[in-house]
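For reference, the chains in residue letters:
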Amino acid sequence: MTNKEWPLYEVFIRAKSGLSHRHAGSIHAADDQMALDAARDTYTRRNEGVSIWVIRSSQIVASDPAESAAFFEPAEDKIYRHPTFYEMPDGVENL
Amino acid sequence: MNADQALLAYVSRLGDNALILGQRMVELVAAYPELEEELANANFALDFIGQARMFYTYAGEIEGNGRGEDDFAFLRDENEFRNFLLIEQPNGHFGDSITKLVLFESFYLLQLEALTKCADTRIAEISARAEKEIRYHLRHNTQWFLRLGDGTEESHQRVQGSLDNLWPYTGEMFAADEIDGIFAEFFDGPHLEAIHAQWMTNVELIISQATLDMPEDQWMASGGKQGRHSEHLGFMIAEMQYLQRTHPGATW
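Going down the list, the protein sequences come from chains A and B. Using our numbering, the letters of the first sequence correspond one by one to residues 50 to 144. Using our numbering, the letters of the second sequence correspond one by one to residues 5 to 256.
Just so you know, these hints were derived from the structure itself, not from any lab. Positions of the beta carbon are idealized from the N, C-alpha and C atoms, including for glycine. Keep in mind that a hint or two might mislead.
[Unchecked claim] Only part of the chain A face toward chain B is listed, based on derived beta-carbon distances under 7 Å:
#1 76
#2 82
#3 86
#4 87
#5 90
#6 91
Work out the full structure, taking the sequences as your base and the hints as a guide.
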C-alpha cells in the first residue's frame, strides 16, 4: 500500500427539482464513480438531494484572490446595473 | 408445519440475516481506511439493522405472544438464529468483507425482488423498501470487487483468496428446506432454483469482469438456516446481547 492520497472532488447537490446545484463540500475518491458514491453517502444521508454532480477539484478554474481588485471592484460603483430603479407592479411576489 | 408457522419462520430468518450482517458491519465502524467508505459502511449497516427491525416486528405480530423486535434480537440464543453461515463469517480484510457482501447481496436482491411480488402484503412492502437499499449497496460493493480483482497484483491475489474461502458458504442460500417450500407454495414466495440460476449468471459475470477465476464446484457447508452455526456466531451474539443480558429490560 502506498500512502498517496486519493484526488479531491468537489460535490454539488440539487436539493429538489427546479433548484440549481449548490456546492456541498468535498470528498476524496480514486475515480469518478467512487466519487459519486462517496458524495451520495456523505452528503445525502438525510434526504438532502435529488441530483449530485462531482468534479475533480483540479478541474475547476478559479479566480485568483490576488486579482480580486481588478476582478470585482469595478462593479462596486455601478449601481445602475441593479434593477432597483423600477416601480414594482402590484402582485409581483418573490422579488 | 403449517403455513402460519412457516411464515413466522421465514420472516424471522429474513430478520436474522439482516441483523447478523448488520452487526458484523458495525464491528468495522471507526475501523475503515478511508472516511468516505467509513460513512458508506455505517450507512449500509444501519440499512440492514433497519430491515431486521421491520422483519422482527412483523414476526412478533405473527407469533402473537407479545414479543417485539428487541426480544428477537437480544433474548434468543445462538441456535435460535437462522441466518446463513456466510453472513456470520468474520470480516477479515477489506477484500473479504466486500466479497462476502457481493455474494450475499447478489442473492438477497433477487430474493427481495421476488418477495415484492409475494402474497403476504407486509413482506412485500418491507421488501420493496429494502430492495432499493440493497440495489445501491450491491452497486457500490460490486465496484469495489471489480477494482480489487482488476487492481494490483496483490489486490487480485487477495480477493481471489476471499472468493475461494467464502464460496463453500454460498450453497446454503439456495438449499430449499421445508420452510422455503411452504412459503413458496402458500405465499407465492421465491423459488430458489430460479434464483440460483440467475445468481450464478450475475456472479459469473462480475467474477469474470474482475478478472478472477470461478471457484470449482465443491462441497458446500450448510446448517445456518437450521440453527447449526459455525464457531463465530456465539461470540457475536455474546457481544451484541451483553447489555440486555446483564441489565434485563434496560432502556435509554
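* Please flag the earlier hints that this structure goes against, numbers listed from lowest up. => Every hint satisfied by this model.
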